[in-house]
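Participant: These are the residues of each chain, in order.
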Amino acid sequence: MKVNNSVLVIGGGIAGMQASLDLASRGFRVYLVERNPSIGGRMVQLDKTFPTMDCSICIVAPKMIECFRNPNITLLTYSEVQEVNGSVGNFTVKILKKPRFVIEERCTGCGMCAQHCPVEVHNEFDMDLGIRKAIYIPLPQAVPLKYTIDNENCVKCDLCQKVCGAEAVDFNQQPQTISLDVGAIVVATGFELFDARTRSEYGYGRFQNVLVSLEFERLLSASGPIGGHIVRLSDGRIPRRIAFIQCVGSRSLKGGVSFCSSACCMYATKESVLIREHEPECEVYIFYNDLKVFGKGFQDFVARAEDDWGVRYVRALPGEVVEDSKTGDLTLWYEDTTENTTRSIQADLVVLCPALIPRATSKDLASVLGLELDEYGFFKSKDAQFAPVDTNVPGVFICGYCQGPKDIPESVAQASAAAARAAEVIAQGNEGVH
Amino acid sequence: METEPRIVAFLCNWCSYAGADLAGTSRIRYAPNVRPIRVMCSGRVDPSFIVNAFEAGADGVLVTGCHPGDCHYVSGNLKAEKRMKSTARILDLLGLGSERLRLEWVSTSEGAKFAQVVTDFTEDLRRMEPNPLETEFNAKSPVNAEDLISKVIRKTNVQYCLECGKCSGSCPISKVNDAYSPRRTVERFLLGFGSKVLSGPDLWTCLTCFTCTERCPSDIRYPEFVRACRRIASDEVMEELCAHRGIPMALSRVMTNPSVRQERMGWLPEQAEISQKGELLYFVGCLPYFDVVFEDLNLELLKIPRSVVKILNRVGIKPVVLANEKCCGHDLSWTGDLENFEKLARMNVAEIKKAGATRVVTACPECYRTLKKDYPELLGNLDFEVLHVSEFLSELIDRGELRYDAKLPAKMVYQDACRLGRHMGIYEPPRKVIAHIPGVELVEMGRNRENSVCCGVSAWLSCNKYSKAVQIDRLIEAKATGADLLVTACPKCQIHWKCVTSEKLPVNPEDVKIEIRDLSVVVAEAMHLA
Amino acid sequence: MTFEPKIVGFLCNWCSYAGADLAGVSRIAYPTNIRIIRLMCSGRVDPVLVLETFANGADGVMVMGCHPGDCHYVEGNLQAERKVKMLKKLISRTGLEPERLRLEWVSASEGGLFADVVRDFTYQIIAMGPSPLAGEKPDVDVLEGILAAKAAAEDFRLRVLVGREKGIIEDGNVYEEKLSQEKFDETMDEAIATEYIRNKIYFTIRREPLSVRELSKHLDLDPQAVLRHIVVLRRRGMVAVDRVEGTTPLYAALEVGR
Amino acid sequence: MKRAEDNAPRIGVFVCHCGINIGGVVDVPQVVEYAKTLPNVVYAEDNLYTCSSEGISKIKEGIGRYNLDRIIVASCTPRTHEPLFRAACEEAGLNKYLFEMANIRDQCSWPHLHEPEKATEKAKDLVRMAVAKAGLLKPLVEPEIDVTPSTLVIGGGISGMTAALCLANQGFRVCIVEKESELGGRLKQLHKLYPTLVNASKGLDQISGAVKANRNIDVLTSTLIKQVKGFIGNFEVDVQRGNGETAKFEVGTIIVATGTDVLEPVGMYGYGEHSNVLTQLQLETLLRDGKLEMPQRVVMVQCVGSREEKGRTYCSRVCCMTALKNAMLIKESHPRTDVHLLFRDLQTYGGHYEDYRRMAQDMGVKFIKYSLEKPPQVFPKEDGRLDVSVYHALLGEEINLETDLLVLSTPLIQCEDAKKLSHMLKIPIGPDGFFLEAHVKLRPIDFATDGIYVCGTAHSPKDTAESVSQALGVASRAAIPLAMKHMRTEAITAMVDENLCSGCGTCVKICPYSAIAKDEKGVARVTEVLCKGCGTCGASCPEKAITMRHFTDDQVIAQALAAVRRELA
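Protein chains in written order, with the working numbering: chain A, 1 to 434; chain B, 1 to 530; chain C, 1 to 258; chain D, 1 to 569.
A portion of the hints provided could be inaccurate.
[As the list claims (entries may be wrong)] With a cut-off of at most 35 Å between alpha-carbon atoms, the simulated DSBU-like pairs for lysine-lysine come out as follows: (1) A:LYS254 / B:LYS513; (2) A:LYS254 / B:LYS318; (3) D:LYS521 / C:LYS183.
[Said to hold, decoys possible] Each pair of labels, with its calculated beta carbon distance range: (4) A:THR92 / D:GLY209: 33 to 43 Å; (5) A:GLN176 / D:ARG566: 23 to 33 Å; (6) C:ARG243 / D:THR37: 30 to 40 Å.
Honestly, the hints are just simulated from the structure, not real lab data. All values derive from a computational prediction rather than experimental measurement. Here a beta-carbon is modelled for each residue, glycine too, at the ideal position from N, C-alpha and C.
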């Protein structure tokens with residue numbers, strides 16, 4: 001029987017986008033489903049990328065726009081997969097399109113509505129450090145550049161409706177269910193952050209000057225909440241010493257996850273170099289256990305950070321962070337394991353590198369798709385060695401962090417891999433018609 | 001034939017010893033039962049000498065010194081007199097009887113008096129029962145070190161050590177003592193260099209405060225590891241590092257003897273209502289003894305059990321209080337004397353069951369942990385529930401049965417005792433009990449709950465400059481909160497803090513000057529029961 | 001005010017331009033003076049481009065390409081090397097310091113090296129001072145020299161020699177005979193010398209008609225040699241007798257369509 | 001009828017702040033104002049992010065509203081962003097070759113971030129240069145070519161075979177060229193694969209079986225690539241078989257899956273001197289063949305010849321896990337054997353590898369961290385055993401380990417014929433000796449040269465699962481042009497003016513792609529699909545008869561003059 005020539009890609013991060021572009025640029029119809037109002041995923045939250053220090057948004061924005069422009073890709077943003085039936089070659093998928101209360105076809109992204117919206121709330125995209133309006137785009141480079149009303153916070157003052165020249169605001173918009181037929185499915189739902197609050201000895205959530213890395217990325221980012229200036233949130237002072245703590249919740253048998261997130265050592269190094277670049281006066285310490293330098297160019301990058309930028313690496317995981325309630329300054333207690341001495345060090349800012357963990361929602365998606373999860377909650381490969389992107393369900397493929405910890409290039413390569421397998425099953429279904 | 005009483009006599013060098021010599025040179029006959037020990041001054045005689053002597057089976061202990069005023073060292077003999085009084089009280093508590101201990105003044109010229117004293121004492125002792133205690137220490141039974149270690153390494157996850165040093169970075173002692181690092185201790189065992197550690201001080205340095213355990217990413221239960229290793233570690237080192245010459249441990253050991261009949265109800269307030277049998281049993285713990293041992297610190301420790309009983313009575317409960325309650329054995333189990341610990345455990349459980357109690361309330365976190373956790377691990381499930389008084393009180397609050405009549409306009413800060421907090425996870429009930437007191441503002445130290453800091457000593461081990469540093473640091477933190485009152489639910493915290501503040505301080509005394517009171521006492525005050 | 005030299009860099013797209021980007025991405029600082037022109041390959045650098053750039057007052061010119069063997073176009077970079085070699089010889093005759101032209105190999109992964117060579121060259125130029133052709137009043141003689149050099153570089157003879165150098169040395173000429181590098185260099189030097197001087201003569205008499213004697217004095221050259229060049233130039237239709245003063249013909253340059 | 005000045009170009013300039021990447025250093029508004037003063041510039045504006053969909057639509061609007069016929073974006077490097085902006089021009093109906101970029105970030109604001117004024121001046125100059133060139137730009141068209149629907153896979157290891165199989169199953173013809181006499185590559189030497197401990201041979205047999213059975217795949221073993229000519233869609237491959245005979249065939253795309261060698265640690269830790277010093281790979285083979293008579297004590301040293309100060313600085317990624325696995329295999333069969341693992345940083349990254357470490361610890365494998373400064377030392381004993389003395393970096397103590405067997409974990413290194421291939425295919429090699437991808441982050445398995453891709457350990461050290469992921473990845477990348485059947489090529493090519501050409505043939509000799517040949521009239525003619533647009537021919541043409549499109553003499557000279565002569569503005 002005829003196999004459907006279109007593919008559903010779940011997740012609009014770098015992996016999802018790469019898979020979509022690979023498939024679309026060779027003629028497959030692709031439906032790219034993203035739960036957030038904009039595609040882009042985690043990468044757009046980053047400032048720079050290691051080890052080349054490319055500006056993250058600079059290199060990913062073109063891909064986002066390509067996805068938007070490619071005639072073979074249908075973007076289904078602010079949408080979620082609800083139901084999947086059928087089997088390889090002929091899946092029928094139900095997608096729930098959440099109401100934006102803004103008619104996408106009409107919205108020009110001019111931003112007039114947001115200018116006038118009286119409601120200010122924390123911006124999730126900025127890790128709640130920044131402010132957005134109740135009608136908003138998560139980031140300036142949002143794709144599609146369409147505004148969204150967040151219903152929780154909207155006060156229905158209808159100012160936006162009044163000022164919108166395009167008459168795009170529609171408070172009566174209803175959730176709609178879209179039904180699609182696809183031949184294969186690619187899952188690329190990425191990761192979320194381990195809740196660092198649960199490691200209370202580090203005081204995240206209790207002390208203002210203890211941040212998690214992704215928050216710090218937003219601080220560093222030019223388009224971030226404070227325009228890329230490094231200051232303490234407690235008093236706006238420029239920190240003179242910043243300490244990074246690795247393995248917060250990772251490599252843990254207790255109070256965390258047992259695996260290594262693979263990216264932290266390197267992004268901490270990157271952020272450290274950026275600090276030294278922004279604020280040459282500011283000392284940077286990275287407290288680590290095993291330095292994970294297994295990737296291409298990693299070791300050289302660390303050497304550069306240490307020798308050229310003066311980043312200091314201490315082989316120790318601090319026991320605790322103590323706050324001086326008056327000044328907001330922090331004291332870290334640690335045993336320098338290579339010096340065999342236990343000391344304390346003052347820091348103005350502490351950045352925690354929490355484990356990057358499978359999304360809580362993976363379970364639901366797994367049950368919708370009938371996928372198995374591994375003991376950590378990642379989508380399980382059919383064969384760890386020889387079929388990494390295949391799953392227990394024929395025709396459903398996985399790539400990116402949701403399959404297991406990896407960095408950006410690994411995710412990109414694996415996304416292409418998932419695309420190839422999807423193309424393969426469709427081609428075989430069609431007896432290799434080309 | 002009946003055995004002859006054995007008397008250990010401590011003679012001061014200048015008067016009594018000479019007196020004894022004179023008795024000899026003057027060929028004055030006296031009972032042969034005495035075994036004299038020469039000390040420079042009767043003031044040298046430590047209560048532990050006496051307790052150990054009885055533990056070893058002595059039927060009587062005689063202490064002799066110069067007459068008041070004649071002391072070669074001005075007032076050593078008066079100090080001795082004071083000590084003998086309190087030691088006598090301990091003997092009474094233990095049910096051995098204070099009459100087995102005798103203090104006499106014998107001068108150089110009083111050979112005859114010496115002979116007389118000895119003979120009389122011997123006679124009196126003949127009329128008494130012989131000392132029921134066994135005649136030798138209960139030596140630890142031998143175990144195969146090798147496989148005990150390899151077993152406990154697995155049991156406590158030690159093999160998963162990543163050597164990240166988070167333990168040392170958390171350990172209150174490591175912070176002040178570079179020589180000590182749980183990580184290095186563990187690593188040595190892993191590499192097979194354990195013997196070095198077993199013969200060193202490190203095992204006895206651990207406060208078993210569970211801070212490292214709380215934080216270790218590899219879930220290594222270091223204190224449990226330490227406890228197990230102490231079983232095979234050198235006792236000599238332990239005794240060296242043990243404070244108060246091991247009296248507390250000696251007392252516990254003494255109590256393991258089934259024939260010991262204590263008399264420890266003396267502390268009960270006169271109008272107190274208690275019962276022999278009943279649902280709820282109040283497990284008092286060692287407070288009556290500590291009240292004596294630490295009388296110099298005038299802690300008024302007995303206020304604690306009295307408050308508890310009054311509170312219970314007030315809410316209409318007549319708790320069972322065991323006449324012959326034994327030490328829970330906490331300190332023995334944490335110093336590796338599992339044999340004696342087990343004896344105590346069995347006896348206590350038997351007594352509790354005999355009383356038909358289904359709920360046991362205690363005001364001591366160590367008793368709490370030991371009864372609730374260690375007993376069942378040793379003896380299987382017990383058919384009674386164990387509650388810390390704070391749990392019991394917060395129950396009452398929930399049921400609206402606890403009425404505070406007094407207003408205590410005070411700012412209070414609460415110390416989480418290790419055993420209550422990190423060991424057993426009791427953080428909120430005590431806070432609830434305090435916060436409910438009208439007028440009280442409950443504040444927190446920066447390091448609270450699971451991040452709370454130990455009072456610096458456990459099981460009387462390694463009480464040294466490092467533990468003092470820990471204690472002072474903590475008191476400063478408490479004081480800095482601006483609280484008027486530091487509330488703890490653990491008598492040991494109180495003892496150790498009072499002790500450090502009673503000495504010469506390396507810091508401005510004002511910085512650590514804060515009143516310390518036990519939770520139950522505070523509650524009693526708030527109920528007008530003080 | 002301090003001397004801020006004008007430096008133009010001709011960079012190949014694949015290695016050197018990427019290397020320059022990498023220097024930026026890695027925030028490796030270097031002097032701001034260089035102005036980069038992106039070409040697909042360093043082999044694209046026509047000698048005329050370089051001379052034109054100098055003629056317009058550039059204080060320095062850098063040509064950068066892939067390391068030998070890495071060229072995206074096999075050996076465009078080697079072609080560039082030959083052209084630069086020729087150019088330096090040519091320039092050395094004009095009164096402009098040949099050190100103002102430099103060739104460097106920088107790969108895509110050598111951001112640091114890029115910064116180093118640019119820094120080094122910039123400081124070198126600063127030390128040398130402004131080009132005699134920079135600013136409002138360029139040195140007329142040197143300018144003439146450069147124009148002559150440019151004309152020479154545009155001329156068939158030099159171009160074909162440079163273009164064929166590899167062929168002639170490695171594959172051999174039409175008679176299948178391979179020239180040694182030395183032999184070739186001799187030929188090349190001779191060509192450079194004559195082509196330059198001929199154009200120099202041309203540009204000199206373009207200002208005002210001159211006699212052979214005057215020219216030989218002006219160029220400090222044996223009158224016979226001058227005459228020989230005049231003959232060639234007349235044959236090429238670049239020079240004609242302007243007028244005869246007494247017995248002395250004065251030669252003038254013709255405007256040729258180049 | 002149009003008046004003369006109407007033919008003058010209408011240039012639009014868009015200057016990007018790139019957040020503060022440019023705006024934080026260069027005075028962007030000033031640059032915009034300056035741009036407006038330049039000849040033929042009829043419109044100029046600044047954008048926070050010109051590459052955002054908002055910025056893109058600004059460009060399109062500009063083209064419409066001010067009927068701009070030349071677009072300049074002053075932002076980052078054309079190497080990454082030119083395609084995006086060109087596409088925008090096209091969508092607005094403007095030929096994309098009428099677009100020019102000024103690189104005021106990577107080559108201005110970033111390297112000169114400490115000199116804002118000078119950086120601003122430079123930015124202005126760069127814009128002026130772009131304007132000068134833009135005025136002279138000509139519209140160009142990209143010729144369309146057909147794509148040979150087949151792929152050459154160089155290397156018959158697990159990566160090559162996986163890629164080939166996936167492509168073949170998509171209906172494309174694939175030719176695997178393997179220098180060895182049989183398929184399999186490195187996996188042939190391996191015993192069990194971590195973390196699943198499946199036999200390497202098992203997976204290998206399955207895949208090579210499928211490869212041999214697949215009718216779309218030709219396998220050429222004992223075969224070497226002699227020469228590769230042509231370009232994406234139309235590569236011409238010459239190979240030489242083991243028996244000496246040569247073959248020639250055409251493919252559309254090429255996959256490089258040549259794998260790596262393993263470092264032979266000659267002269268390190270007594271390797272080569274003492275028979276009981278092995279490499280991890282030798283141990284692996286012994287374990288597989290059951291030839292290892294079990295030692296009492298084993299010491300494994302990690303990072304032997306990798307992560308060095310100078311030289312081989314990279315981490316070889318797979319060694320820690322391989323050592324752990326082999327240590328466990330030894331422990332499994334001989335629990336009493338002592339195994340010490342001397343490591344620097346344990347690379348137990350990713351999903352299962354941490355638990356794998358714990359398994360080893362459960363089995364009693366002992367870990368000692370040593371430091372680069374004080375590496376372990378080996379002393380032979382009379383009885384043939386070895387004393388390994390190591391400074392325990394985390395105890396600060398020298399520890400002596402008596403051992404019967406010393407195992408050295410040595411890194412994967414570039415294989416010796418990689419250089420040859422790199423020259424043949426024009427694919428770069430990075431500082432670590434491995435092939436260098438087009439972009440480390442977003443094009444990890446493409447080469448800068450179209451139609452050629454890299455996967456597996458040829459790219460960098462990685463384990464089987466990671467190699468397979470990449471192999472499947474290139475199977476997608478390489479399939480794209482094949483599936484499209486035909487594609488457009490560069491419009492930037494050379495063009496000969498017949499009237500000027502003297503037929504001297506210099507260009508014919510110079511062109512490395514044989515893209516220029518003399519025609520019947522004896523003048524040079526360019527075959528455009530072969531021309532890669534380097535322009536060397538033009539720079540060498542004695543008659544100056546060759547025009548290099550998009551980089552014409554007058555365009556480049558205009559840029560050069562603009563660079564040095566401000567007054568020209």
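Participant: Evaluate each hint against the coordinates.
Facilitator: Here is what the structure says about each hint:
1. At most 35 Å may separate the alpha-carbon atoms for a hinted pair to count; LYS254 of chain A and LYS513 of chain B exceed this at roughly 39 Å.
2. With a C-alpha separation of about 43 Å, the suggested pair LYS254 of chain A and LYS318 of chain B falls outside the 35 Å cut-off, and the hint is violated.
3. Annotation: proposed proximity of LYS521 of chain D to LYS183 of chain C holds, straight-line Cα distance about 34 Å (limit 35 Å).
4. The supplied range of 33 to 43 Å is met by THR92 of chain A and GLY209 of chain D, whose beta-carbon atoms lie about 35 Å from each other.
5. Judged by the Cβ atoms, the range 23 to 33 Å given for GLN176 of chain A and ARG566 of chain D is violated: they are separated by roughly 60 Å.
6. A hinted range of 30 to 40 Å for the beta carbons of ARG243 of chain C and THR37 of chain D is inconsistent with their spacing of about 49 Å.
The structure shown violates the earlier hints numbered 1, 2, 5, 6.
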